[in-house]
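As given, the protein sequences belong to chains V and U, one line each in that order. Count the first sequence with this note's numbering and you get residues 1 to 327, in order. Count the second sequence with this note's numbering and you get residues 1001 to 1150, in order.
Quick caveat, the hints were computed from the structure, so don't treat them as lab data. By construction, the Cβ of each residue, glycine as well, lies at the ideal position given by its N, Cα and C atoms. Worth double-checking, as some hints may not be accurate.
Per the computed footprint, the stretches of chain V lying under chain U, defined by three or more beta-carbons under 8 Å from a beta-carbon of chain U, are [as the list claims (entries may be wrong)]:
| hint | segment |
| --- | --- |
| 1 | 150 to 164 |
| 2 | 273 to 282 |
| 3 | 311 to 321 |
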Amino acid sequence: METISILPPELIRMLIAVIIIISFLFLNAIMMGYLERKIAGHVQRRPGPMEVGFHGILQMVVDGVKLLGKELLIPFNVDRTLFRVAPLLSFTPVILPLLVIPFSEKLQARDLSLGLIFIVSMGSVNVMALLVAGWGSNNKYSMFGAMRAVAQSIAFEIPILLSMLAVVLMCNTFSLKEIVGAQQKIWFVVLQPVAFLIYVIAGVAETNRAPFDLPEAESELTAGFHTEYSGMGFSLFFIGEYTNMFIVASVATVLFLGGWHGPNLPYGEYLGVVWFFLKVYFLLFLMIMIRWTYPRVRFDQLLNFAWKYLVPFSFVNILITAVLVKL
Amino acid sequence: MPQPAFFLLWNDRIYGMVEMTESALLDYMYIFLFLVVGFIGGFTPFILNWFVRPKRTHLKTTRNTYECGMETYGDAWDYRYGVTYYLYALIFLAFDVDILFLFPVAAAFEKVSAARGIIEVFIFLGILILAIVYAWVKGVFTWERKIKVR
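Generate the whole structure from the sequences, applying the supplied hints.
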């Protein structure tokens, strides 16, 4: 009978956590959309969105309302089931990694003991969503985009796994909270610079962002796998992509940049969230700057870059780590 | 810890079921709740959209798939793709399964002696990296033009 008396507070905590996280997910997509357009504007020496609100700050809200009111056009020769399922399949799994991410010492929805593996496995579902979208659309552009997306995501998943392994070798746990706890004295970016670099490169590629945005290369494939999607279908892919970027950046923060650690603040176990978000948004800013600075690579260069450089380098990195840990 | 009533019920009905600790049960409840809320969060916009979407008449060509303004020619499902994608997928499959075995190794690495740990990791990764060398030598990573144009 012990459990039943414990459960209600835990249930309330559960509900609060899920509500905070899903509203944060939408908020993050809106902020990232605005930031990206503003930074893109300033990189190209134009102001970006300026009309709606102060410096165009409400532009994304207006756009959201517009997308909500659009007609959902379903072409006549698509696979209707797959076509409708794909946006949901892309959106639903992106909320799950946020369950285990430790925003600060006490602000974490649930500390799974296999947290890192959980994040990786949920991230892989996204690949299937892209394939389903591309295949279901029955459009040549979508199809090529989906094929490229799958080949690219699976190629860059291995460097990501290997660079995560290098960290796990050092702290021997998959629980994200304990990984951050192990960086109390020194951040792993100092001990594992190569793994950090590999993780960031592969993370940019895994989220299909420029310079690795071959799946949706506008100049050759129109919009890639979401060519046929309009209105809400498109915006769910869009929110999914931005949330994936946030997850990649926050996993990088947790594994390499010391999570919530930083100069001491009052109520440190809660306000560590400030340092966490500073680090995450710094990485996201970096990803946006990379997108608007570098030209797109060719597809064979992209795949061979993963297999010929990133994978061997991360293998050597793991071997060196394995030796150094034991010395 | 005393066994809660409804766990006992489960155990009686399904013989030999592994006892679930309370924290593991909570883990699954969290994951399931997030899954459901994620689905609802994705589905609600479609319902809202259903109320406010414009109702208009469609031309004959409105619902064609997009092909730069030309009439749609054939299904995309009939097209064939370079076999290179398939080869890349094959290497990935071999690698990913093997890297899965490295995860428990990494988690338990502090428990083995230094010499044994290092030697075994070297043997395992050495064999694994031969897969890349093999693919490299076989020319998977060179994208030649398969059809000769005269």
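For each hint, the structure was consulted:
Interface restraint, the segment 150 to 164 of chain V with chain U: holds (8 residues with C-beta to C-beta distance below 8 Å; minimum three). Taking a C-beta to C-beta cut-off of 8 Å, the segment 273 to 282 of chain V contributes 0 residues in contact with chain U, too few for the three needed, and the coverage statement is violated. Counting residues of the segment 311 to 321 of chain V whose beta carbon lies closer than 8 Å to any beta carbon of chain U gives 5, which reaches the threshold of three, so the coverage claim holds.
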